[in-house]
Structure formats: C-alpha cells, structure tokens
Amino acid sequence: MRIIFSKQAELGIKAVLYLSVQPKGYLRNATEISKELKVPKEFVAKILQKLTHSGIVASRKGKTGGFSLLVNPKEIKIIDIIRSIDGNKAFEECVLGFENCGDENPCPIHHKWAELREKILEMFSEKSIADFRDATLKKLRTLK
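Take the sequence shown: its letter number 99 is residue 98 in my numbering, and every next letter is one higher.
Derived by calculation from the structure, the hints in this document are not laboratory data.
Some clues are possibly wrong.
[What the hints assert, rightly or not] Straight-line alpha carbon distances no greater than 25 Å define the calculated SDA-like cross-link-like pairs of lysine to any residue that follow:
#1 34 - 7
#2 126 - 40
#3 138 - 112
#4 76 - 99
#5 126 - 104
#6 60 - 25
#7 118 - 131
#8 62 - 38
#9 45 - 69
#10 138 - 25
#11 45 - 135
#12 62 - 24
#13 45 - 131
#14 49 - 5
#15 60 - 28
#16 49 - 131
[As the list claims (entries may be wrong)] Cβ-Cβ distance ranges computed for the label pairs, FRET-style:
#17 57 - 107: 41 to 51 Å
#18 87 - 44: 42 to 52 Å
#19 63 - 114: 48 to 58 Å
Here a beta-carbon is modelled for each residue, glycine too, at the ideal position from N, C-alpha and C.
With the hints as constraints, model all of the structure from the sequences given.
The following block contains the structure:
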C-alpha cells in the first residue's frame, strides 16, 4: 500500500534538499550525493535524470560535471518534486489499491483518506525547499 509517494520520490526530495544547501553553481556528482545520502549511486543517478528532465535540476557531463539546482530553492515546492517523479498518482489513486474507487464507489477508507490527502497536498504545496535549509543542514550533519 502506497501511502504518500514512492521511494524514488522520497529520494528525489532528499537529493533536491541536499543540492539546495550547496553553494550556488556548485556541482555535485552522483557518487558524492549517494555517499552523503547513503543510497546506491545508480538509484541517485536515475532520480536526478528525472529531475533534470523536469527542469528542477541541471546536469553537466564530463570529468568536472555533476548536478545542481536549475530553479531557485524558493520556487521549488515538495509537490513539484513528487509530481516530477510519481506524477499525480499518490493524490489520485485509491490508497488501498482498489480500482474504480471514488466518491460514488468508495473503498472502506476513501472518505477519510480524501480528507488527509487534501491536508498532505496542502502541506507539500505551501512550503518551498528554501524553507527547509536550516533543518536540511542539521540533518546532513547527523548522516556523517
């Protein structure tokens, strides 16, 4: 049962938070990011390519290449990252996985989940990545 979003979206959020606290224009390669976030390099590279395709992250190939944010952290919302990776599935599909679940044909928790989903969507849409800068720096220090 997927409650909010995929592991890929979770990693995408972490990667964008990580890139948001790097000096402007500073590039980090997938190896560096994977070590800092303690996740496999291949997984990081795949997610960063999706974020590059969506226009949130910039990438440069080559020996001195890497990834950086393409968009100002003040303009990136968590929902932007989730939608770039998962689309709107987390906010449109049945939380229990029932097909044809909706207001007219609800699953057992459809109406309660709808209330929670709206609150979660609001939370992910209102704060920018920049709003989490200090908390991100503090958390990154604990990962070492």
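Each hint, compared with the structure:
1. 34 - 7: holds (17 Å)
2. 126 - 40: Cα-Cα ~28 Å, so violated.
3. 138 - 112: violated (30 Å)
4. 76 - 99: Violated - the C-alpha atoms of residue 99 and residue 76 are around 30 Å apart, more than 25 Å.
5. 126 - 104: violated (33 Å)
6. 60 - 25: Within the cut-off at roughly 14 Å; holds.
7. 118 - 131: Distance of about 19 Å is within 25 Å: holds.
8. 62 - 38: Holds, at about 22 Å.
9. 45 - 69: holds (17 Å)
10. 138 - 25: At roughly 20 Å apart (the allowed maximum being 25 Å), residue 25 and residue 138 satisfy the hint.
11. 45 - 135: holds (22 Å)
12. 62 - 24: holds (16 Å)
13. 45 - 131: Judged against 25 Å, a Cα distance of about 24 Å means the pair holds.
14. 49 - 5: Status holds; Cα separation ~14 Å.
15. 60 - 28: Holds. Residue 60 to residue 28 sits at ~9 Å (cutoff 25 Å).
16. 49 - 131: Roughly 22 Å separates the two Cα atoms, so the pair holds.
17. 57 - 107: 41 to 51 Å: Given about 45 Å between the Cβ atoms, the range holds.
18. 87 - 44: 42 to 52 Å: With Cβ atoms ~25 Å apart, the hint is violated.
19. 63 - 114: 48 to 58 Å: With Cβ atoms ~49 Å apart, the hint holds.
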